[in-house]
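Let's have the full structure, built from the sequences with the hints guiding it.
Residue numbers for the sequence shown follow our numbering, beginning at 1 and rising by one.
Worth flagging that the hints you see were computed from the coordinates, not collected in a lab.
Accuracy of the hints is not assured; some may be wrong.
[As the list claims (entries may be wrong)] Computed spacing ranges between beta-carbons, pair by pair:
1) Gly195 to Asn74: 42 to 52 angstroms
2) Pro40 to His107: 30 to 40 angstroms
3) Asp77 to Gly195: 14 to 24 angstroms
4) Ile142 to Pro64: 23 to 33 angstroms
5) Pro64 to Gln146: 24 to 34 angstroms
6) Gly161 to Asp77: 15 to 25 angstroms
7) Gly31 to Ile142: 16 to 26 angstroms
8) Gly161 to Phe87: 15 to 25 angstroms
9) Ala68 to Phe162: 20 to 30 angstroms
10) Ile142 to Arg44: 45 to 55 angstroms
11) Ala109 to Met135: 46 to 56 angstroms
12) Phe162 to Ser84: 39 to 49 angstroms
Bear in mind the structure is a predicted one, so any value in this text is a computation, not a measurement.
The beta carbon of each residue, even a glycine, is placed where N, CA and C say it ideally should be.
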Amino acid sequence: MTTSRRIVVGISGASGAVYARRTVELLVAAGVEVHLVVSPVGQRLVHDELGMEGVDLETFAGSPDGAARITLHNFRDVGSSIASGSFRHDGMIVVPCSSNSLSSVAHGAQQNLLHRAAAVTLKERRRLVLLHREMPLSAVDIRNMQLATEAGAIICPASPGFYMLPRTIDDLVDFVVARLLDLVGVDHDLAVRWGESKV
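Here you go:
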């Protein structure tokens with residue numbers, strides 16, 4: 001019987017690979033078993049924005065030991081374990097979430113593993129968080145956000161707050177990632193809460 005927490009993480013083709021890396025790093029640090037699926041455009045942005053050749057699990061995890069807690073699934077393998085409702089997990093985060101992936105979630109399209117895993121997460125009534133990063137929003141995006149929300153997803157735009165007086169890009173990234181972790185119930189010690197002083 002599995003007792004470790006499991007979170008599925010999807011990286012789709014929107015700018016914001018730094019959010020994905022930090023999310024995975026903090027999940028691993030919290031002892032979570034991470035199941036990762038990366039779209040081809042997501043992989044290109046990992047290269048362009050993080051300088052990675054391929055998906056370097058050690059870099060995502062923050063350490064060689066941490067990489068052992070990550071399972072990388074093939075984007076095309078819709079027969080992978082995370083494509084099945086019988087695969088038990090504690091939620092899924094799509095970080096970043098492109099408008100294309102938002103549309104696929106909103107309309108139940110399941111042409112690849114990322115979208116299939118998201119659809120299964122919804123049908124099993126598990127938490128699905130979409131970190132939509134694109135802007136401005138078209139009327140189509142807004143309608144898709146409504147449909148996805150009505151289906152059970154949580155739309156979490158990459159909109160950092162400034163009340164903590166961020167000084168670096170890392171501070172802004174941590175603010176957003178902390179909200180993602182909160183939404184899937186993973187504890188963290190990032191000082192990002194209103195009314196709580198920084199350590």
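- Hints not upheld, ascending by number: 2, 3, 4, 5, 6, 7, 8, 9, 10 and 11
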